[in-house]
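Using the sequences plus the hints, can you model the full thing?
Protein chains in written order, with numbering that gives the first Met the number 0: chain U, 0 to 277; chain E, 0 to 306.
No wet-lab data here; the hints were simulated from the structure. Glycine included, C-beta positions come from ideal geometry on N, C-alpha and C. Please note that a few of the clues may not be correct.
[Stated by the list, open to error] Here are a few chain U residues that sit away from chain E, every Cβ distance over 10 Å (derived from the structure):
{"#": "1", "residue": "Ser2"}
{"#": "2", "residue": "Tyr9"}
{"#": "3", "residue": "Ala34"}
{"#": "4", "residue": "Leu84"}
{"#": "5", "residue": "Tyr99"}
{"#": "6", "residue": "Ile101"}
{"#": "7", "residue": "Leu112"}
{"#": "8", "residue": "Ile155"}
{"#": "9", "residue": "Asn194"}
{"#": "10", "residue": "Phe209"}
{"#": "11", "residue": "Ile217"}
{"#": "12", "residue": "Val248"}
{"#": "13", "residue": "Asp274"}
[Stated by the list, open to error] Using 25 Å as the maximum straight-line C-alpha spacing, the simulated SDA-like pairs for lysine to any residue come out as follows:
{"#": "14", "chain 1": "E", "residue 1": "Lys78", "chain 2": "U", "residue 2": "Thr271"}
{"#": "15", "chain 1": "E", "residue 1": "Lys112", "chain 2": "U", "residue 2": "Leu102"}
{"#": "16", "chain 1": "E", "residue 1": "Lys97", "chain 2": "U", "residue 2": "Arg16"}
{"#": "17", "chain 1": "E", "residue 1": "Lys104", "chain 2": "U", "residue 2": "Thr114"}
{"#": "18", "chain 1": "E", "residue 1": "Lys67", "chain 2": "U", "residue 2": "Thr271"}
{"#": "19", "chain 1": "E", "residue 1": "Lys86", "chain 2": "E", "residue 2": "Asn129"}
{"#": "20", "chain 1": "E", "residue 1": "Lys4", "chain 2": "E", "residue 2": "Leu223"}
{"#": "21", "chain 1": "E", "residue 1": "Lys113", "chain 2": "U", "residue 2": "Pro106"}
{"#": "22", "chain 1": "U", "residue 1": "Lys13", "chain 2": "U", "residue 2": "Ile118"}
{"#": "23", "chain 1": "E", "residue 1": "Lys86", "chain 2": "U", "residue 2": "Ser277"}
{"#": "24", "chain 1": "E", "residue 1": "Lys171", "chain 2": "E", "residue 2": "Thr75"}
{"#": "25", "chain 1": "U", "residue 1": "Lys14", "chain 2": "U", "residue 2": "Leu84"}
{"#": "26", "chain 1": "E", "residue 1": "Lys104", "chain 2": "U", "residue 2": "Tyr9"}
{"#": "27", "chain 1": "E", "residue 1": "Lys104", "chain 2": "U", "residue 2": "His258"}
{"#": "28", "chain 1": "E", "residue 1": "Lys78", "chain 2": "U", "residue 2": "His258"}
{"#": "29", "chain 1": "U", "residue 1": "Lys272", "chain 2": "E", "residue 2": "Lys67"}
{"#": "30", "chain 1": "U", "residue 1": "Lys247", "chain 2": "U", "residue 2": "His258"}
{"#": "31", "chain 1": "U", "residue 1": "Lys273", "chain 2": "E", "residue 2": "Asn129"}
{"#": "32", "chain 1": "U", "residue 1": "Lys13", "chain 2": "E", "residue 2": "Thr75"}
{"#": "33", "chain 1": "E", "residue 1": "Lys63", "chain 2": "U", "residue 2": "Pro106"}
{"#": "34", "chain 1": "E", "residue 1": "Lys19", "chain 2": "U", "residue 2": "Ser277"}
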Amino acid sequence: MISLIGIELYKIFKKWRTYIGFIAIGVLIPVIQVAMHFEGDGYLKMLTRGLSSAFEFTGNLFNCYLIAHLVLSVLVIHIPFLITLVSGDLLAGEATNGTYRILLTRPVSRFRLITAKYIAGLIYSNLLVACLAFVSLGIGYLIFGAGELIVVRDSIIIFAKDDILWRFVLAYGYAALSMMLVSSLAFMFSSLVENSIGPIISTMTVIIVFIIISSIKIGFFETLSPYLFTSHMNLWTSFFDDPIEWNKVIESGAILAAHCLFFYGVTLFIFTKKDISS
Amino acid sequence: MKYEKVIEIEHLSKNFKNLKAVNNLCLNVFPGDVFGFLGPNGAGKSTTIRMLLTLISPNEGTIKIFDKPLKQNRETILKKVGAIVEKPDFYGYLTAIKNLEILAKISGSDITKKHLMETLEIVGLEKRYNSKVKTFSFGMKQRLGIAQALIHDPDLIILDEPTTGLDPQGMKEIRELILLLSKEKGKTIFLSSHILHEVEFVANRMIIIDKGTTVVEGLVSDLLNSTALKVTFELDDPAKATALINASQWSGKLSSAANERFIFALERNEISALNKYFIENGLAVSAVIPARSLEEYFLNLTEKGDK
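Okay, here's the thing in structure tokens:
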């Protein structure tokens with residue numbers, strides 16, 4: 000199985016489209032960081048408006064953590080698109096290229112092939128989130144240094160410098176789980192069609208529609224919202240609550256994991272019975 | 000030999016919605032056979048091959064390969080099967096040798112680069128081993144398709160129209176390769192084709208299918224040599240020729256006549272006697288064109304399929 004996963008990763012990283020996500024993150028985040036370097040004071044003032052007359056802020060509030068938190072909240076909505084570029088192509092790409100015929104006539108079960116591809120897709124999703132974390136925190140640290148983190152939720156919370164990094168580790172871990180769900184969904188759609196555009200569009204459509212429904216706070220939509228996986232995807236922010244609602248985080252994490260398994264199970268069911276006519 | 004039958008297909012059927020692609024097909028391939036699998040386009044050849052390779056599932060019937068049921072022994076069987084199915088497609092963004100290396104690894108074979116290079120040499124691609132497959136012509140991809148079917152040294156090689164897209168020299172080389180694999184390496188070859196001559200040249204046994212069902216099956220030598228020939232005689236005086244034919248025992252052998260062309264169903268030894276009869280009665284014979292009835296029958300099938 001490890002050999003199969005290695006082969007799938009090799010194929011993924013030999014394709015140009017794989018690097019679009021890394022390039023996008025590698026370019027966009029430094030641009031945000033540079034912009035914040037010049038305009039960051041204004042952003043900080045906006046966060047603390049109304050409080051500066053009552054409190055005096057000392058220390059380095061404008062640091063890599065503040066920018067990493069901002070970047071995560073902005074990009075976690077957009078990274079799914081980058082994930083689908085690769086995960087949506089994992090099976091549909093083989094159909095488009097006609098390579099199912101040489102792949103599925105090898106002495107290896109469809110179960111193992113699908114599982115290897117699925118795991119390779121998850122690894123790619125995690126690498127993309129790791130890249131986001133590295134560029135946001137790593138490069139941010141070199142430019143802005145570390146300091147306290149100010150977070151505006153229902154109230155304003157300021158975390159001490161030594162109380163932040165573990166929260167980011169867990170937040171990125173949760174974001175990775177959310178992205179694995181996106182990868183699983185795109186992978187499932189990828190098993191249904193024979194071109195990779197379909198899974199990309201389908202996955203993004205589902206996510207956008209669910210996000211819109213989740214954000215409409217009226218009657219029926221509000222009742223529906225907890226049952227949509229998108230409502231559980233942005234719970235990485237809970238790691239910046241004080242105290243953290245662990246039950247809520249664990250429950251949402253379990254829902255996301257269950258969705259991943261469900262989409263993988265459906266893909267297995269579809270693909271092991273599928274007639275390969277391409 | 001280790002197996003009694005290499006392939007045993009019994010009452011195989013496959014439907015695609017309302018289309019019966021394969022209909023109650025039965026065939027046997029024995030060890031060492033070069034088995035020609037003939038039929039016009041749309042006859043059900045590729046569907047049958049896809050079922051042999053578990054790409055699609057049959058609706059009815061059973062397939063045994065190496066005397067074992069395919070469904071229950073898929074992986075064990077496929078370890079000893081090499082195949083090309085329809086047109087050759089590869090990972091275009093990878094080199095030829097990398098494609099082979101990946102496919103060998105997926106097969107679980109511990110194959111060295113030296114062995115891969117030797118396989119590429121067999122199909123004449125050794126100089127392009129490091130070129131990306133997207134730069135290959137169709138013919139080169141077809142050769143690489145044959146290479147990938149050979150890399151794990153299979154006992155059974157299934158070739159689905161392997162000469163498609165090749166130039167005459169390439170076609171000749173593939174035919175020679177099939178003979179080499181069969182005669183010198185002892186491989187069993189299942190060769191699908193819609194070209195009778197191709198099969199005739201290399202196969203010892205063959206089957207012709209049409210509309211997913213068997214038309215004729217047997218030894219190539221029996222099917223091609225013992226059948227009656229359709230012989231066309233071109234004669235200079237049609238009216239006189241018609242009168243002469245009607246007045247002789249040859250009228251019973253006449254299949255059709257149009258203008259100067261008279262077609263007879265004859266045994267091989269009757270051709271010269273009929274030719275002599277026409278000449279002795281003052282007719283000029285401008286041409287004698289023999290065609291085997293099987294060939295004519297197959298051509299008719301192919302033409303119908305193409306239409």
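Against the structure, the hints come out as follows:
A beta-carbon of chain E comes within 10 Å of the beta-carbon of Ser2(U); the shortest separation is about 6 Å. A beta-carbon of chain E comes within 10 Å of the beta-carbon of Tyr9(U); the shortest separation is about 7 Å. Listed as outside the interface, Ala34(U) is consistent with that label: its C-beta sits roughly 36 Å from the nearest C-beta of chain E, beyond the 10 Å cut-off. Residue placement check: Leu84(U) keeps its beta carbon more than 10 Å from all beta carbons of chain E (closest about 15 Å).
The beta carbon of Tyr99(U) is not kept farther than 10 Å from every beta carbon of chain E, the shortest such distance being approximately 8 Å. With a least CB separation of 6 Å from chain E, Ile101(U) falls inside the 10 Å interface cut-off, contrary to its annotation. Here Leu112(U) does not stay apart from chain E, with its beta-carbon only about 8 Å from theirs, under the 10 Å limit. Ile155(U), annotated as away from the interface, keeps every beta carbon of chain E farther than 10 Å; the closest lies near 51 Å.
Once the 10 Å rule is applied to beta carbons, Asn194(U) is consistent with being away from chain E; the minimum gap is 14 Å. For Phe209(U), the shortest C-beta to C-beta distance to chain E comes to about 34 Å, beyond the 10 Å cut-off, and the non-interface label holds. At roughly 45 Å, the least C-beta separation between Ile217(U) and chain E is larger than 10 Å, which holds for a residue marked as non-interface. Non-interface status of Val248(U) relative to chain E is upheld: no Cβ of that chain comes within 10 Å, the nearest being about 40 Å off.
Remark: the non-interface label on Asp274(U) conflicts with the geometry, its nearest Cβ contact in chain E lying 4 Å away (cut-off 10 Å). Proposed proximity of Lys78(E) and Thr271(U) is supported: the alpha carbons are some 19 Å apart, at most 25 Å. With a CA separation close to 20 Å, the supplied pair Lys112(E) and Leu102(U) stays within the 25 Å bound. Only pairs whose Cα atoms come within 25 Å are accepted, and Lys97(E) paired with Arg16(U) is accepted, the gap being roughly 20 Å.
A threshold of 25 Å between alpha carbons decides the hint, and for Lys104(E) with Thr114(U) the separation of about 16 Å falls inside it, so the pair holds. Under the criterion of a C-alpha separation no larger than 25 Å, the hint pairing Lys67(E) with Thr271(U) is consistent with the structure, at around 21 Å. This hinted pair checks out: Lys86(E) and Asn129(E) have alpha carbons roughly 22 Å apart, not beyond 25 Å. The suggested pairing of Lys4(E) with Leu223(E) holds, with an alpha-carbon distance near 24 Å, which does not exceed 25 Å.
A threshold of 25 Å between alpha carbons decides the hint, and for Lys113(E) with Pro106(U) the separation of about 22 Å falls inside it, so the pair holds. At most 25 Å may separate the alpha-carbon atoms for a hinted pair to count; Lys13(U) and Ile118(U) meet this at roughly 17 Å. Taking the CA atoms of Lys86(E) and Ser277(U), the gap is near 10 Å; set against the 25 Å cutoff, the hint holds. This hinted pair does not check out: Lys171(E) and Thr75(E) have alpha carbons roughly 33 Å apart, beyond 25 Å.
Proximity of Lys14(U) to Leu84(U) is assessed by CA-CA distance (about 11 Å); at most 25 Å being required, the pair is judged to hold. For the suggested pair Lys104(E) and Tyr9(U), the alpha carbons sit about 13 Å apart, so the restraint of at most 25 Å is met. This hinted pair does not check out: Lys104(E) and His258(U) have alpha carbons roughly 32 Å apart, beyond 25 Å. For the suggested pair Lys78(E) and His258(U), the alpha carbons sit about 36 Å apart, so the restraint of at most 25 Å is broken.
Our distance criterion of 25 Å between C-alpha atoms is met by Lys272(U) and Lys67(E), whose separation comes to about 21 Å. For the suggested pair Lys247(U) and His258(U), the alpha carbons sit about 17 Å apart, so the restraint of at most 25 Å is met. Between Lys273(U) and Asn129(E) the CA atoms are separated by roughly 34 Å; this puts the pair beyond 25 Å, and the hint is violated. At most 25 Å may separate the alpha-carbon atoms for a hinted pair to count; Lys13(U) and Thr75(E) exceed this at roughly 31 Å.
A distance of roughly 16 Å separates the Cα atoms of Lys63(E) and Pro106(U); the hinted pair therefore holds under the 25 Å criterion. Restraint check for Lys19(E) and Ser277(U): satisfied, since their Cα atoms lie roughly 18 Å apart, inside the 25 Å limit.
In terms of the numbered hints stated before, the structure departs from hints 1, 2, 5, 6, 7, 13, 24, 27, 28, 31 and 32, listed from lowest to highest.
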